[in-house]
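**Q** Chains A, B and C, in that order, give the protein sequences.
To convert a position in the first sequence, counted from 1, into our numbering, add 949.
To convert a position in the second sequence, counted from 1, into our numbering, add 65.
To convert a position in the third sequence, counted from 1, into our numbering, add 4.
Careful: at least some of the hints might be erroneous.
[Stated by the list, open to error] Below, in silico cross-link-like pairs of lysine-lysine (DSS-like), each with a Cα-Cα straight-line distance of 27 Å or less:
no., chain 1, residue 1, chain 2, residue 2
1, A, Lys1222, B, Lys191
2, A, Lys1060, A, Lys1002
3, B, Lys181, B, Lys191
4, C, Lys529, B, Lys88
5, B, Lys242, B, Lys88
6, C, Lys429, C, Lys529
[Claimed, not checked] Each pair of labels, with its calculated beta carbon distance range:
no., chain 1, residue 1, chain 2, residue 2, range
7, A, Glu1013, C, Gly434, 35 to 45 Å
8, A, Ala1064, C, Gly76, 31 to 41 Å
9, C, Asp297, A, Trp1032, 28 to 38 Å
10, C, Ala148, A, Asp1089, 42 to 52 Å
11, C, Ala148, B, Gly196, 22 to 32 Å
12, B, Glu187, A, Val1186, 47 to 57 Å
13, C, Ile38, B, Ile226, 21 to 31 Å
14, C, Trp205, A, Val1199, 58 to 68 Å
15, B, Ile243, C, Thr32, 48 to 58 Å
Derived by calculation from the structure, the hints in this document are not laboratory data.
All C-beta atoms in this analysis are idealised placements derived from N, C-alpha and C, irrespective of residue type, glycine included.
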Amino acid sequence: MNSIFSLPEATTHAADVDNIFYLLLVLSGATAAVVFGAILVLAVRYHRGSAAKRGPLPEIVSREFEIGWTTATLFAFLFLFWWASSADLSRFSAPANALEIHVVAKQWMWKTQHANGAREINALHIPVDRPVRLSMSSQDVIHSFFIPAFRVKQDVLPGRDTDVWFQATKTGVFPLLCAEYCGTDHSMMRGRIVVMRQEDFANWLSQQPEGDDLAHEGAKLFVAQGCSGCHAASSNVHAPRLAGLYGRVVQLADGREVKADEAYIRDSILLPKRDVVAGFEPIMPSFSGLLDDGEIQSLTAYIRSLAHEKQSD
Amino acid sequence: MTDTSTQLREPWANFSRQQEAGKFGIWVFLASEVLFFGALMLTYTVCRIEHTEAFAAAGRETNIWYGTANTAILLTSSLTMAMAAQAAAAPERFRRLVLGCLLTTAALGLAFLVVKGFEYKEDIDKHLVPGSHFALPQAGAQLFYGLYWLITGVHAVHLSIGIVLVSRLILLGYLRKIELRENPEVEVTALYWHLVDIVWIFLYPLIYLPGRAS
Amino acid sequence: MRSKVTDALLNGELPLPPRPDYLRHGSTISSWLITTDHKRIAILYAITITVFFFMGGAAITAVRLELFEPNGWLLTSDTYNKLFSFHGIVMVWFFLVPSIPNTLGNFLLPLMIGAPDVAFPRLNLFSWYLTIAAGMLTVYALVAGGVDTGWTFYTPYSTMFSNSHVFAAAAGVFVVGFASIATGVNFIATTHMLRAPGMTWFRLPLFVWAIYATSIIMVLATPVLAISLLLVIAERWLGLPIFDPAQGGDPILFQHLFWFYSHPAVYIMVLPAMGVVSEVIPCFARRRIFGYDFMVYAMVAIAGIGFFVWGHHMFVSGQSIYASLIFSFLSFIIAVPSAIKVFNWTASLYRGQISFDSPMLYALGFVGLFTTGGLSGLFLASIPVDVHVTDTYFVVAHFHYIMVGGSVSAFFAGLHFWWPKITGKMYPDGWARFAAILMYAGFNMTFLPQFFAGYLGMPRRYHTYPPEFQIYNVMSSAGAAVLAAAYLLPLGYFAWSLFYGTRAGNNPWRATGLEWTTTSPPPPKNFDRQPRVDRGPYDYHAAGQSAGTDPPEVQNAREVV
């Protein structure tokens, strides 16, 4: 619960964000004080009929003066840009050991799923002091995953995965809100982020109903949807093998090289003619309309789990 | 010299200034049209980069004969429009030539629309309208055709406006309600017509050449 | 009271029958509806935008009433969503964008450059009719049940999921965009082609420069808005897939197209306001504006750079970090010319002879509120802070400080400054000063709490909200009541002035500027004789001097026989 006057700084980067905010507040306050103060002083001193000295403007006030204050302002703003941006760049990509959580947004609820299959609705339990990476997509319109106490916000898009990572530093319950207008109940699309001590989190996780974890679900889909018909080792069809694929660099037929990440796997399932692997024909059918985002996430998890298998052909 | 006092309008003190202002104004308006069609072409470009194969497959389904014929028609109409504008600007009286060229321009414009009409009918028969019965399987092909119908539709609307403007000049000029000689409206109309033509020159490769160039 | 007849007699001339001014020259309704007189068209626009202002204001009154309670007590969520959408659409496109350019700009541009009218008077009237037609489409959307996409029409909600009247609303905005483009073409041509002899570019009043820069943005940016809305209409109405991800479309493409217009649009809304303030401050400080050249370059720079910062609305949209950094960088750069203008307005007070008539109070209010709003923009240009506050009330506060605290204050400054010229009557300045101060107080009461609510995490477009934000919402709604009173007061005293106000002379403020050399109200053709210009603007004192307590008769461009 947030108080009405202050927002907890509950992640490793929240303090950085607040520091930039406070610096800007101080600078803005000072600038405003100078401007407002000058206007007030000048208005009083030079109001019509006052005895203050008029006459020509002092020599110092000239073209050089104007260029001077323009340049000073420019440098101040460039400094602010540099300072704010360098704080942001370090957040570029998630650490390798981040806990993976999948999030699906739909009008008007949040569905979260842990790697072991545990699912939650409008809630997310995470451990403190451990990086967490959310991989998110929407089933309908654009939503936005917003945790004010974490200083985290990321739009959640249909047809594409977006991700965000953070590391919580305080235990407790923190509000989750949708921050991109999405229709009638946009303002009710809220939830709770529950940050627990690591042991408590482990206990909690083990007590969740063992839904099939994502990779197992993905394995079942792999067979049920016919993927194994071409991609299994025993298939007669000349199709890329998927063992060890995830995270590798792939050579495409048109000469490009891409990394086999989640976006690549998603595109290969939905738009297979786009990035054809070198040495293969573009014969894979598209599963667009046949698989929803949750199923694609499961298949991706399954393919990731194959990363640890040795290539068998 | 023409008696231009009948054509002098508020707020102009002299006619040559009024002429200049008309030309200046249409150029500024053309700048906005460049941004208008530019945004459409940018949308097309972004979608094409995302779906190169699908756009190539879709582009092959367009009827390049209709498209090329239309290009020839429109380019010729720009020629006749330019002739009309030149003739109108000349100090000699070329009234019949001006009217004739304007008439040919309008006729060619109408011919373009007629050919386009045949092309649209063929596209509908081939199920190239986005929707449930769409002919091509690739995702992205529907995107191509969505943009095709929209952009050619917008171009056709612009062309129709051009035909109306040219027809207005023909009618008023023939009935001697306005003087065509040294009338800035002729050059303004000509510039607008040339814009519609130039837009088509950009559209032609975007619509008819994907998937056919190599 | 001296009249023209008395003056003529005293000068030894034969008294001529008084000529009708532009208001009295033809008094039938049709003479107004087919007028090509830029001054009458300005009045038509003024009435139109006032009606829209109060419609948009009524919508937000309902919203602010609803927000007294965290869980809603008057309205359903759908109605709430439609009300804030209507508020945004009407206020942006049917009030702010046309307000200063089409009322004050239309009236003053030819007068300030010494011209009898704009370059294309019939096109001017056509623009007004386009605005009316567009307004009718938008009002139709409202009475048919409303549109609930927000003024930003984001896809795929607007194209595939909303059950409201998106087509009518988008069509209304599409049509009013063409009115904007036509106005822009007209004003650019007017400025280039109709300046009086001697009125060189760097002798133009800053208001003319502001209108000119605004017109360039109108011409170049509005077409892209037209396309974005056309694509939405095509997808929604004709089923053409453009932004549908299932067909390979990209909803973010809409955001790029939309903001490519909508960011320059905010400069359409603020540059004319800056122009007005640059006219008012020199007059009431009795000083030349400080740094005229830099003021011109700053406005041109704002107009130019403004086309390249749109991505700062999209830092959390899924846009790449590299694009975001470029947009952040340019957003910091564009803050520099705005800052320069604030410094120059302040410096223009130095060694002046300042009086605090209502136009000056509104103009100074603009400087204060624009400075606050502009400084809050620095927070939004910083990516890490923006990630936290985007889509919250922090942004709502930011843009209202600039567009309402800024542009509306300046619009009122201009209305109060040029009212005597436009109507020939003076209003009671005591009431006007009270309204100005009330507006400043009410505005801050309404919007300052929203900065706090936003930073603490209250998202925007929220019908219901977490109860810890209630105190901020109550403060904001209470302030809105004060602000509403401040907006209603001018309706009262301006209307009163039309019937009972004292007659205004040609130049009641003793201001420079060609518009003050002609009668109040002006004759239909603006000037009896073609003005000739032989000096720069703001000639409130000799160069190198400053205003004395009794300024010499204001030096204006002399009329030449």
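**Q** Could you check the structure against the hints above and give me the numbers of any it violates, in ascending order?
**A** Of the numbered hints given earlier, those the structure breaks are 2, 10, 12 and 15, listed in rising order.
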